[in-house]
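Novice: The residues making up each chain are set out below.
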Amino acid sequence: MIKLQLPIKLQNKKKSRIHKKLGKAPGTITYMGERDNSISTLDVIAYSDDSLEEYSPVNVNTLLEDKRDQIKWINLVGLSDEGYIEQLGKVFQLNSLVLEDAVQTEQRPKIDEYETYIFGVFKMLYLDEGQNVVSEHVAITLFKNEVLVFQELTKDVFDGVRQRLRGHQGRIRGKGADYLFFALLDAIIDNYFMILENISERMEVLEEEVYQKPKPKTAHKIQELKKEVLRIRRYISPVRELVGRLIDTEHPLITKDTKLYLRDVMDHCVEINETLQIYREMAMSLMEMYMSNVSNKMNEVMKVLTVMASIFIPLTFIVGIYGMNFDNMPELHMQNGYFIVLGVMFTILVLMLVYFKRKHWI
Amino acid sequence: MIKLQLPIKLQNKKKSRIHKKLGKAPGTITYMGERDNSISTLDVIAYSDDSLEEYSPVNVNTLLEDKRDQIKWINLVGLSDEGYIEQLGKVFQLNSLVLEDAVQTEQRPKIDEYETYIFGVFKMLYLDEGQNVVSEHVAITLFKNEVLVFQELTKDVFDGVRQRLRGHQGRIRGKGADYLFFALLDAIIDNYFMILENISERMEVLEEEVYQKPKPKTAHKIQELKKEVLRIRRYISPVRELVGRLIDTEHPLITKDTKLYLRDVMDHCVEINETLQIYREMAMSLMEMYMSNVSNKMNEVMKVLTVMASIFIPLTFIVGIYGMNFDNMPELHMQNGYFIVLGVMFTILVLMLVYFKRKHWI
Amino acid sequence: MIKLQLPIKLQNKKKSRIHKKLGKAPGTITYMGERDNSISTLDVIAYSDDSLEEYSPVNVNTLLEDKRDQIKWINLVGLSDEGYIEQLGKVFQLNSLVLEDAVQTEQRPKIDEYETYIFGVFKMLYLDEGQNVVSEHVAITLFKNEVLVFQELTKDVFDGVRQRLRGHQGRIRGKGADYLFFALLDAIIDNYFMILENISERMEVLEEEVYQKPKPKTAHKIQELKKEVLRIRRYISPVRELVGRLIDTEHPLITKDTKLYLRDVMDHCVEINETLQIYREMAMSLMEMYMSNVSNKMNEVMKVLTVMASIFIPLTFIVGIYGMNFDNMPELHMQNGYFIVLGVMFTILVLMLVYFKRKHWI
Amino acid sequence: MIKLQLPIKLQNKKKSRIHKKLGKAPGTITYMGERDNSISTLDVIAYSDDSLEEYSPVNVNTLLEDKRDQIKWINLVGLSDEGYIEQLGKVFQLNSLVLEDAVQTEQRPKIDEYETYIFGVFKMLYLDEGQNVVSEHVAITLFKNEVLVFQELTKDVFDGVRQRLRGHQGRIRGKGADYLFFALLDAIIDNYFMILENISERMEVLEEEVYQKPKPKTAHKIQELKKEVLRIRRYISPVRELVGRLIDTEHPLITKDTKLYLRDVMDHCVEINETLQIYREMAMSLMEMYMSNVSNKMNEVMKVLTVMASIFIPLTFIVGIYGMNFDNMPELHMQNGYFIVLGVMFTILVLMLVYFKRKHWI
Amino acid sequence: MIKLQLPIKLQNKKKSRIHKKLGKAPGTITYMGERDNSISTLDVIAYSDDSLEEYSPVNVNTLLEDKRDQIKWINLVGLSDEGYIEQLGKVFQLNSLVLEDAVQTEQRPKIDEYETYIFGVFKMLYLDEGQNVVSEHVAITLFKNEVLVFQELTKDVFDGVRQRLRGHQGRIRGKGADYLFFALLDAIIDNYFMILENISERMEVLEEEVYQKPKPKTAHKIQELKKEVLRIRRYISPVRELVGRLIDTEHPLITKDTKLYLRDVMDHCVEINETLQIYREMAMSLMEMYMSNVSNKMNEVMKVLTVMASIFIPLTFIVGIYGMNFDNMPELHMQNGYFIVLGVMFTILVLMLVYFKRKHWI
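Residue numbers (our numbering), protein chains in the order written: chain A, 36 to 397; chain B, 36 to 397; chain C, 36 to 397; chain D, 36 to 397; chain E, 36 to 397.
Just so you know, the hints here were simulated from the structure itself, not pulled from any lab data.
Hints are not guaranteed to be accurate.
Since the list can't tell identical chains apart, any single copy or any two copies may satisfy a pair.
Unchecked claim - Derived pair list, reagent style BS3-like, types lysine-lysine, alpha-carbon separation capped at 25 angstroms:
| id | residue 1 | residue 2 |
| --- | --- | --- |
| 1 | Lys262 | Lys252 |
| 2 | Lys392 | Lys252 |
| 3 | Lys179 | Lys210 |
| 4 | Lys145 | Lys190 |
Isolated chain A (complex conformation) (with noise of 0.2 angstroms):
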């Protein structure tokens, strides 16, 4: 499980990538996530309409003996053992190619077919405990009646598939391996709406905070959203195309029915990225109303600041006026002078104040 880091530190991640890959020839098997001692499990359930089978094979060799007219679903977890996928590649008949983008985990959605097999490369978007966006890389291969995934880590959104399959629960039991394939695909893209989800709570704090009392950190954080935006969109803009090129491709593996179900897949890729392209909008404008109240802030502060000078300068000029010296200053003299040049004060701070009020600045 790879945290959704930024771009920044993304590129921090490529250069290990780099370091590992530069020189080899294209092809080579290298797993690029973070190494961990978990050891690769594989699991299969085999299904038909009228039957279920759930088993771990010891040996991948014998995955594809057994031969009972059922579906398999084929489900790799764990990536750092490279000679363990070496041999299933070859039980497979994969391309070497394939095997690579399989466990590169830095590899874009992708979808590639081959005579015999179509390859995808997918994200599985979560958010993890303390509410960020992670990423988890998995490649699906549909054979004819086999379904082979890989994935980097145990959390998946495959539950609910599994749970349809066992509970002989909608279409699914009586389908073949298409169907199962986009099944998978479904969960993944339905799980992309959490996410959205999430952006738009945030998206809702930020506007709230911006519109009630903005600090100069709400304006890093909206800047982060509209980063994070980025990212997903990143993930997910490839996904519309490569599904409606599965809509239209002749490959005999996808059958007529099941390119219907696909048709609603790409709908809910451009239901996706529709609504992202609107969170990076609206981003913007939460900028734009940020800047605007920042000015409005200045504004405020500097209206304070007029209204008080305007105001106790001159009076404060008055009054230095006959704090003068000088010998021969008649008013000084007067009976109510003071009571006179109070007086005069007064009135000029009340003009003062009608005229800044006049100016809505009080």
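Use these hints to put chains B, C, D and E onto chain A, whose structure you have.
Specialist: Same frame as chain A, but now just chains B, C, D and E:
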């Protein structure tokens, strides 16, 4: 009737959607709106050039039985009774994906062509009592001789079409089901102009406000308007492409004659999209104007401060000088010292005023 | 003649349109302009290479009878008499949608091809006496040997074409109806350059204003100009594509020879669109310049304030010191104390001035 | 030679164009430049691989008579003699639309293919003595064995081509008329790099100015540069597409071999367009930098004011206290009162300075 | 090796290019880089699945003679010896346009297909010792059994490919010349990730700087970074399309197998382009953040000024009052007058502080 939420709140909606749907099989019929107790009601208008009947069938199974060369407009209001809708789906042999979309009020506009029918989802936009824009989900299915409409609420924009049917106005009674389909679509799109008008009025008010007396709240209002334009565009922009596809389709249900009318609907869509685009640019201009006004205001405030301070600070300095208590200050003992100083200060004042006048600061 | 309203007001117009039209069947002929009492007048210019007649037919039914191998330009001015127009439509066997668009002054530019005729709606743009841009709706229908023009008002841009017809100038008399159609379209488009020129002059004035003495009103004017460019673009931009489609059409009414001329019209459309695009960018630059000027002004104001305050506030502090009434202040009793303090203050003043001079603030 | 006017002035030009042309038939030959007395001069270079002649024919009618298997470059300088040009047009059987475009100096770049010739209009761009960018209209017509060039002025960029012809350099003498056409076009495009270089130098100077000492005028200059980039792009951007069309054409006059060379010209066009695009973005960045500098300046000014005022206003208040004339002010009568107050004020001053130092304001 | 100049300086380069080239015939071989004395060196790696030889041929004419079923990688370093290159061109029967592009270091990336070979120009990007991005021109020509590489400098990114050839790693030894072509292209593109990483690191530093302590120079640095992203994009963005064309080509030199690998290269190009696009948006966000920080700083400064002035100006006015010298000022003679005034002023001070505290200004 769903109040047109901020995308933010839209997403809050989606949460419940996700919670309701996550893990369910695609094609599951789940009503997504706010459940209310109102029962679904079904109304039928059956008409031909020389006859028209209106009735509410008790049994949905009899709907297709009485074939009398009439075009039937079957209108269902209320989407919360999922069992009833499923029954209806069976009668009309609708794909379960279609039924899912028919009741899923969050579905974005779409038109899907099936072998024997064409299914479209659209958004009606209204103004509620508080002049807020609210949207209502509506799904229209075109068969050879029937048009089946799924509506959330009784409030609709189809009354004009009903009047024309009953009053035998225009061409509608003499034409086929596809013309009825067009007429309903046309009624929906025509109503969008009401919304544009409402936005235009609010923009006019805002423009007045920006030019006359912008307040910090004005910026907020401009951003709200911009957001609303974004949202409405989201409902309308797909329709243009959808209608375009309908014009180019070779589906036998759409006659060449009706395509001529659909071209008109598409013209309206183009016009609405263009107008929304212009509104968006105008909202951006308004925001620019607002910011420029805030800056101008600040300038005005600063000028007042500068003029006041620049005039009185030097004068205060001068009176300060003659307030000093040095033993030996010859000016203090001059007979006219005080009056000379007053004269000098008055001259400085006049010169300052002339200077600021020249700079157009006062 | 409709004054080119702000889109806002355009929408107010549309309200009445909606009120007039809502619920009416498509194809209903409803004049949308400001109804006036003027009766519709019909003028015909019938010409061939060696003859030209001008007359005003009393009976529209005879219009098509006198076939004498002449090209006929039938020009209708005034669109408020819906009955008359319907009658005309019957004579020329026009589709009711065509008649609807012919009188609907809000219709955006369009060209529709029918089997026996081609129908186009365009906008003439004028300057009225007050140099405001006003638009006039004009619809041109091309038949095999006739061109039928629907105009709102007598003021038009077709006089040049009439002169050429009467004076047998250029090729026009020897060519077919499609050349006349082109000539009318060309006259409309050529007139747009007048509008561009007007905008360009106003932009020049505004540029002068921004660079010389920007006022708060200047920003308003720039935004108004930008809005006007947006609006004009809306009238012109569809024409380019429409003419392009006419050039590519295989409709028998447009000869290959005329397409050569239409290519010229399209070149003009492209040029107008490009110029408008440049005007838009220039308006945005002007706004930027305006904002930068406002900031510079503010800077200048602030500098004056800062210089004045920075010089006199410390000096005032010094004179304040010697205005204190302590019993024991030795400086006060020095013979030259006063003059020494004056000297010190003068030195501070000079140093300050040098400092600010160096900073280029004065 | 037309000085590259602001679009504004360009439009002023267009006024006269409209006044000259309005009402005239399309295809009328009207020279749009500034009429001068210079007579048109016609020069011919006739060459084959082993011969080259240069002469100025007296009679245009004999131009096409002396067929001696030579390629002829017929160069007309001066477009004000419309009769002469019409005569030329007859000799070469040119369409009147072509002649119109040949002399219409406002015509934007275009390439039109006719059955027996290809006609192109381009813009030469020069720097005049004052380093201003000026444009010259040039029209090139390619026939089977002739290239006919219409130029406004004698100053041209074709000297290099002449040298190569005379010196038998490169391939040009052994190739056909289409290669000459390419060579002329290549010379025009190559010269655009001079203009790019000029803009780049001015941008460098402006960049220096913005970073070192921005003045209010700097913003003006940046906007001027941006406008100029916009204008030049307008001349160049259509050329790319036009050359592209020439490469794809199946017109027999363009040989496959020449298309290879045209691909090179197109590469240059793409490069120029990209460079202009980058210049535009750089001008926008410069404007941003300018604005950020203005803000920084303002900040600096404000800091000086704030530091001065914050230090001396409280001190002035303190000295004000002891300038009061109350009968009973014990501090005034303390032996060291004055010195204590001076000490306190000095302490305050030091604390203030430390505070502002910490805030990095001084 | 050319240091990646600002486009400005790039254009200065182009000046010399123009001066060198202007008037020369197209196809003239002119080296555009900084001429150095280094002689061109030619190295050959000839390999098959079971053999590999490396040698430096003395005579270029013998290059193609020793045909032994080997793939030959002929690598030329140093492009200043034009005679040598022309000789090489003759041996390989290269078009003179190809040779021109091979040595013209300003040429933007291109791929041209000729009948018997495919010629491509690319840019290697490096970091020099000072961490500046420098670019090197490289031209690769693919023949049936040879790959001819033109390099400016010895420093290259092809070492990894050489290692794989020598070590018989991966598939490279068993594949054809087109696979070598791909491997070289792949090495160039892979190296771009290093540059991205460098930009990403600098952006991270800048982000830190903007958020922590923005200086006027920071804006400058952001703009520089943005400009660099623009420039790099210019080198990389054409490559994507070029590789795309190579994948779609039907040229016999590119095998179907190699196209699979080229698809991978194209994926990388897409990724690089997207990353650059994100960097550009991030640079714009950084600039926005910088401006918002400058405004916030200004706000903070203004608040300090306003608080200080608003508190002490009124107090100074009060002490000024009692510094007046009127004969009749009763307060002056009150026993506790002084202390009462001090108390009043203290109260005002406290109220002011509370007021500003509430406004969150202090």
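Novice: Pop the pair lysine 392 and lysine 252 into one bin, within, between, both or neither, using alpha-carbon distances up to 25 angstroms.
Specialist: Classified as between: cross-chain Cα gap 20 angstroms, same-chain 34 angstroms, threshold 25 angstroms.
Novice: At most 25 angstroms between CA atoms: does that hold for lysine 262 and lysine 252 within a copy, between copies, both, or neither?
Specialist: Intra 15 angstroms, inter 24 angstroms, cutoff 25 angstroms: intra and inter.
Novice: Taking 25 angstroms as the upper bound on the Cα-Cα distance, should lysine 179 and lysine 210 be classified as within, between, both, or neither?
Specialist: within (12 angstroms within a copy, 31 angstroms between copies)
Novice: Is it within, between, both, or neither for lysine 145 and lysine 190, if the alpha carbons may be no more than 25 angstroms apart?
Specialist: For lysine 145 and lysine 190, only the intra-copy Cα distance (22 angstroms) is at most 25 angstroms; the inter-copy one is 34 angstroms.
Consistency note: the structure conflicts with none of the earlier hints.
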